[in-house]
Amino acid sequence: MSNEEGKALRYSIYFSTILIIVTALTLQLIRIQILNSGKFKIKANENSVKALPVAAPRGVIFDRNFNLLVGNKPSYNLVVIPAYFDTSSFTRFGKLLEFSKETKLEIVRAKRKYSKFKPIIVRRDIPFDVVSGVNEYGDELTGVKVEFVPKRDYAYGVNGAHIFGYLQEITADELKNTKGEYVGGDEIGASGIEKYYEKYLRGKKGKKLVVVNSRQQYIRDFRNGAMDVPPEKGDDIVLSIDKKTQIAAENALKGKKGAIVAIDPKTGEIIAMASAPTFSLSKLSVASPSEWRAIVFNKDKPLFNRATMSAYPPGSTIKPLEALAGLSAKSVTPRTTIICKGGLQYGDRFFGCDHVHGKVNMVKSIEESCNTYYYLLFLKMGFAPWLDFTRRFGFGRKTHIDIYEEKKGLLPDSAYYNKRYGRHRWNKGLLLSLSIGQGEVSVTPLQLAKYTALLASGGKTVVPHLAKGFIDNKTNAFHPFSFDSVKINLNKNDLAIVKKGMFEVVNGEGTATNIKDAYIPIAGKTGTAQNPHGENHAIFIAYAPADNPKIAVAVVIENAGYGSTHAAPVAHKIIRTYLRNMLHKKARRVK
Amino acid sequence: MKIKYKVSDRFDYWLFGSMLALIIIGLVAIFSATENMASTNYFKQLTFAAVSLLFFFVIYFIRAQYFKLLSIPIYIITLLALVFVLLSGHTVYGARSWLSFGPIGFQPSEIGKIGTIFMLAYWLSQSNVKLDNLRDLAIALFFGLFPVLLILAEPDMGTAIVYVVILLSVLFWAGIDLFGLFVILSPAVIVFLSFFGTVAALVGFLALVVLLFLFKKDLFLSLTIFIINLASIFLFDLGVKLLKPHQQKRIMTFLNPLSDPYGSGYNAIQAQTAVGSGGILGKGFLHGSQTQLRFIPEQWTDFIFSVIGEEFGFIGSFIVILLFSILFFRLLRIALKQKDSFAGLVTIGFLTTLLVHFFINIGMNIGLAPVIGIPLPFMSYGGTALIVNVSMIAIVMSFYRDKKEHT
Numbered sequence: 000m001s002n003e004e005g006k007a008l009r010y011s012i013y014f015s016t017i018l019i020i021v022t023a024l025t026l027q028l029i030r031i032q033i034l035n036s037g038k039f040k041i042k043a044n045e046n047s048v049k050a051l052p053v054a055a056p057r058g059v060i061f062d063r064n065f066n067l068l069v070g071n072k073p074s075y076n077l078v079v080i081p082a083y084f085d086t087s088s089f090t091r092f093g094k095l096l097e098f099s100k101e102t103k104l105e106i107v108r109a110k111r112k113y114s115k116f117k118p119i120i121v122r123r124d125i126p127f128d129v130v131s132g133v134n135e136y137g138d139e140l141t142g143v144k145v146e147f148v149p150k151r152d153y154a155y156g157v158n159g160a161h162i163f164g165y166l167q168e169i170t171a172d173e174l175k176n177t178k179g180e181y182v183g184g185d186e187i188g189a190s191g192i193e194k195y196y197e198k199y200l201r202g203k204k205g206k207k208l209v210v211v212n213s214r215q216q217y218i219r220d221f222r223n224g225a226m227d228v229p230p231e232k233g234d235d236i237v238l239s240i241d242k243k244t245q246i247a248a249e250n251a252l253k254g255k256k257g258a259i260v261a262i263d264p265k266t267g268e269i270i271a272m273a274s275a276p277t278f279s280l281s282k283l284s285v286a287s288p289s290e291w292r293a294i295v296f297n298k299d300k301p302l303f304n305r306a307t308m309s310a311y312p313p314g315s316t317i318k319p320l321e322a323l324a325g326l327s328a329k330s331v332t333p334r335t336t337i338i339c340k341g342g343l344q345y346g347d348r349f350f351g352c353d354h355v356h357g358k359v360n361m362v363k364s365i366e367e368s369c370n371t372y373y374y375l376l377f378l379k380m381g382f383a384p385w386l387d388f389t390r391r392f393g394f395g396r397k398t399h400i401d402i403y404e405e406k407k408g409l410l411p412d413s414a415y416y417n418k419r420y421g422r423h424r425w426n427k428g429l430l431l432s433l434s435i436g437q438g439e440v441s442v443t444p445l446q447l448a449k450y451t452a453l454l455a456s457g458g459k460t461v462v463p464h465l466a467k468g469f470i471d472n473k474t475n476a477f478h479p480f481s482f483d484s485v486k487i488n489l490n491k492n493d494l495a496i497v498k499k500g501m502f503e504v505v506n507g508e509g510t511a512t513n514i515k516d517a518y519i520p521i522a523g524k525t526g527t528a529q530n531p532h533g534e535n536h537a538i539f540i541a542y543a544p545a546d547n548p549k550i551a552v553a554v555v556i557e558n559a560g561y562g563s564t565h566a567a568p569v570a571h572k573i574i575r576t577y578l579r580n581m582l583h584k585k586a587r588r589v590k
Numbered sequence: 000m001k002i003k004y005k006v007s008d009r010f011d012y013w014l015f016g017s018m019l020a021l022i023i024i025g026l027v028a029i030f031s032a033t034e035n036m037a038s039t040n041y042f043k044q045l046t047f048a049a050v051s052l053l054f055f056f057v058i059y060f061i062r063a064q065y066f067k068l069l070s071i072p073i074y075i076i077t078l079l080a081l082v083f084v085l086l087s088g089h090t091v092y093g094a095r096s097w098l099s100f101g102p103i104g105f106q107p108s109e110i111g112k113i114g115t116i117f118m119l120a121y122w123l124s125q126s127n128v129k130l131d132n133l134r135d136l137a138i139a140l141f142f143g144l145f146p147v148l149l150i151l152a153e154p155d156m157g158t159a160i161v162y163v164v165i166l167l168s169v170l171f172w173a174g175i176d177l178f179g180l181f182v183i184l185s186p187a188v189i190v191f192l193s194f195f196g197t198v199a200a201l202v203g204f205l206a207l208v209v210l211l212f213l214f215k216k217d218l219f220l221s222l223t224i225f226i227i228n229l230a231s232i233f234l235f236d237l238g239v240k241l242l243k244p245h246q247q248k249r250i251m252t253f254l255n256p257l258s259d260p261y262g263s264g265y266n267a268i269q270a271q272t273a274v275g276s277g278g279i280l281g282k283g284f285l286h287g288s289q290t291q292l293r294f295i296p297e298q299w300t301d302f303i304f305s306v307i308g309e310e311f312g313f314i315g316s317f318i319v320i321l322l323f324s325i326l327f328f329r330l331l332r333i334a335l336k337q338k339d340s341f342a343g344l345v346t347i348g349f350l351t352t353l354l355v356h357f358f359i360n361i362g363m364n365i366g367l368a369p370v371i372g373i374p375l376p377f378m379s380y381g382g383t384a385l386i387v388n389v390s391m392i393a394i395v396m397s398f399y400r401d402k403k404e405h406t
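Quick note, the sequences are listed as chains A and B, same order. Numbering follows numbering that gives the first Met the number 0, in which position 32 of the first sequence is assigned residue number 31; successive positions increment by one, without gaps. Numbering follows numbering that gives the first Met the number 0, in which position 244 of the second sequence is assigned residue number 243; successive positions increment by one, without gaps.
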């Protein structure tokens with residue numbers, strides 16, 4: 000059959016085709032792997048092109064007026080390639096290299112690994128005499144290199160350690176989670192703005208192609224750098240921080256413990272944020288492991304951002320909020336008066352007041368910070384309105400500021416008390432200290448500032464934030480970031496009464512008349528947080544100008560005593576610095 | 000009475016064993032190529048391998064005669080997927096060739112090989128279809144070339160070439176005569192020659208005229224073929240002009256890889272150096288300097304063979320070639336023994352697919368073939384290709400299983 004014959008022929012043709020292909024590949028393999036293998040071995044050993052990453056400068060950080068706050072400067076790292084490093088250099092060049100015990104151990108260990116050709120950064124930001132020393136002994140000091148890297152420059156007058164945050168060598172976990180965007184040894188934002196806006200700031204690494212031999216020794220540039228890819232600088236971040244106000248805040252806290260947060264009440268932009276004690280970012284960037292430990296384990300916790308992470312009882316600063324709750328619950332009217340005899344006996348406990356205030360209405364209760372008024376108000380309205388209003392103003396919840404270091408404080412509710420004391424084992428008496436902002440309730444300075452901003456703006460603000468936007472490195476165009484708005488319902492008339500009280504605190508016969516300003520009308524409220532471990536914390540919240548608020552401030556000074564004497568003058572200084580332009584205008588009559 | 004068969008009558012151990020060995024060697028090479036990298040490719044490929052074996056046993060137990068019934072629907076799905084990928088696919092390495100459904104992505108052009116081969120085999124195995132009938136041949140060409148046009152538009156030259164070779168091999172197995180082959184190939188040869196200038200094109204036409212005389216067909220048919228050849232040059236030229244400049248450039252680079260010595264050509268040089276420096280015994284697992292120092296970018300895809308060559312030397316490379324040879328000869332034998340012409344044609348189509356990939360891929364790793372970015376079957380990293388290749392073997396094994404029932 001011709002069909003069957005044809006099939007047999009086609010089978011033979013196809014069979015031969017496979018045989019020819021397989022033979023051709025085998026012969027070529029014999030040619031390159033057996034006959035010419037030596038040539039390829041030499042080529043593999045001696046002539047290969049390697050792409051070296053070139054670090055990109057990070058984006059810089061500006062304040063709200065485009066003043067530079069964090070920049071970049073050149074610096075040099077000392078790099079060791081373990082495979083090529085002669086351990087006798089430890090002693091021969093001991094003075095020049097100044098290697099720590101840990102570094103020496105790391106190099107000796109790495110010499111035994113397959114990755115011994117991979118450079119290790121052993122010292123960052125070395126001084127110039129070391130750079131020139133290494134270059135001078137270049138031939139004898141094998142396996143040691145100096146590598147140029149851009150480095151952060153903080154020398155612009157603002158410390159801002161807790162705002163900007165620090166950079167750290169990327170951890171193994173982060174390396175795993177970022178999927179090839181980084182390599183070991185890269186620096187990455189580890190806190191603050193540097194961490195939150197890492198993807199804007201980090202830029203894009205460049206590539207330098209070099210010809211190296213199998214020991215990864217540099218032979219020459221590949222094609223004179225024609226194929227190199229230059230690094231791209233990261234995008235710049237523009238903060239809402241006002242440089243002068245920030246410096247004033249940092250100076251005001253020098254030698255103290257505490258925190259300051261100043262916010263633009265309408266926009267939620269943070270004008271200044273300081274926490275003390277603090278640390279120096281430039282010193283931290285070159286700290287040795289032991290210096291690092293000294294900072295981390297310091298008992299004053301300088302790394303800890305008190306402005307967003309430390310929670311204090313709000314003390315009497317809670318009173319404006321509580322007055323609004325009372326009015327809203329119709330438990331009081333603005334004209335309701337009580338008689339303060341210096342405190343209140345409730346059950347077997349006496350709840351004290353600082354003075355015998357006599358006849359007290361709502362305005363006076365805020366102005367003179369009468370505790371008795373609030374004990375009675377709380378007993379009348381109960382726990383629920385208090386809880387409702389503290390929640391409305393954002394207590395016990397994170398503000399979701401644009402840094403990751405934030406705590407939510409504590410807002411005790413019924414569930415909390417049931418858990419702590421047992422169901423029905425607690426009563427109003429137990430809660431009475433909440434009415435003057437003491438007891439279990441605690442808030443962060445940032446939450447206090449947001450609360451003040453809400454009072455100042457009539458219940459409309461934006462999530463507090465540090466960054467206004469970024470400048471695209473390629474187009475130089477400014478792109479604003481957007482943040483959620485925060486809105487709470489407040490009765491206008493109720494708010495007017497409370498604000499009148501807060502105005503009188505400073506400008507009437509209140510608790511902070513010491514900061515009455517001839518040019519800027521300030522409204523505020525003093526507070527003192529009881530501290531069982533020592534001296535009380537002084538607190539002051541304020542906003543100004545009282546008729547058209549442009550700044551809301553919260554100040555907490557730890558272990559200082561009364562809010563009026565220790566915290567209010569600090570807030571006053573911050574307000575005067577931020578509203579400095581108003582000072583030069585014609586004096587306004589402050590009633 | 001039910002006839003008892005030995006297991007080896009229904010399950011081709013050689014075919015299955017060599018496939019499994021190649022998959023395992025591929026995993027070893029991928030592990031080496033991605034070691035110390037923040038990459039999960041090895042574990043992904045391990046998962047793909049498990050999934051593909053699952054596919055294998057599901058397909059193996061499908062009765063052979065059902066495949067023929069599925070030909071038309073699978074082909075239509077293939078064409079729809081290829082059109083869809085042009086409209087909304089992802090671009091990877093310059094070609095719009097990926098479709099994704101949530102986290103799962105795949106390349107329709109890989110799956111389309113099965114669809115196209117099924118359709119061609121279905122058409123050519125019809126009892127009334129004769130290849131010396133120009134109309135029947137034209138219909139076969141249409142079935143084979145329509146997907147090629149869609150793949151060229153992605154553009155993915157490498158895969159398009161594989162499709163064309165598959166088409167030719169299936170026609171060959173179906174018994175096309177020399178004149179039919181000449182009719183099909185002459186326009187392609189003429190277009191190819193036209194790249195090398197007017198003189199080369201004229202020489203091509205001269206050869207065409209001489210051959211037409213030698214075939215001694217009637218004047219009308221000869222003239223028609225001549226005009227088709229002439230038209231193909233102008234049509235191709237027009238087609239190129241319709242492409243965007245970067246697509247034109249990619250076609251030129253494909254035809255002349257040396258024009259891009261620091262791109263794809265550079266990788267090929269590094270791969271050849273890796274293989275050559277492996278010597279007879281190789282540098283040892285995880286000890287190849289070219290591989291471990293990552294001189295070859297994305298080595299786990301198209302250049303996976305260079306890992307074997309460098310770390311396991313000639314011995315390792317030859318074992319891979321031997322395993323592929325076993326696979327190919329078994330496939331060819333199964334194609335020969337098939338009584339059912341559909342099954343025979345499908346087997347040849349699959350064999351050609353694997354053979355072309357095998358030759359071009361290893362060839363470009365060792366400096367014997369131009370750099371055409373197509374993966375090495377069973378070994379290169381990639382889920383779609385692995386599952387499709389294993390499925391092809393499973394389909395052939397299913398034919399093998401049921402062969403006795405046809406006799």
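Just so you know, the hints here were simulated from the structure itself, not pulled from any lab data. Ideal placement from N, C-alpha and C gives every residue a C-beta, glycine not left out. Any given hint might turn out to be false.
Stated by the list, open to error - In silico DSSO-like pairs for lysine-lysine, Cα to Cα no more than 27 Å straight-line: (1) A/K103 <-> A/K40; (2) A/K117 <-> A/K94; (3) B/K43 <-> A/K6; (4) A/K243 <-> A/K265; (5) A/K40 <-> A/K117; (6) A/K206 <-> A/K232; (7) A/K117 <-> A/K232; (8) B/K215 <-> A/K6; (9) B/K43 <-> A/K175; (10) B/K338 <-> A/K6; (11) A/K255 <-> A/K329; (12) A/K265 <-> A/K49; (13) B/K43 <-> A/K40; (14) A/K144 <-> A/K100; (15) B/K43 <-> A/K178; (16) A/K6 <-> B/K129; (17) A/K298 <-> B/K215; (18) A/K379 <-> A/K467; (19) A/K94 <-> A/K110; (20) A/K115 <-> A/K49; (21) A/K6 <-> B/K402; (22) A/K194 <-> A/K115.
Stated by the list, open to error - Here are a few chain B residues that sit away from chain A, every Cβ distance over 12 Å (derived from the structure): (23) F47; (24) F54; (25) V57; (26) F83; (27) A137; (28) I160; (29) A187; (30) T197; (31) G278; (32) G315; (33) F328; (34) L331; (35) L335; (36) I347; (37) L354.
### Query
Which earlier hints can't be squared with this structure?
Failing hints, ascending: 1, 3, 11, 12, 13, 17, 18, 22, 31, 32, 33, 34, 35, 36, 37.
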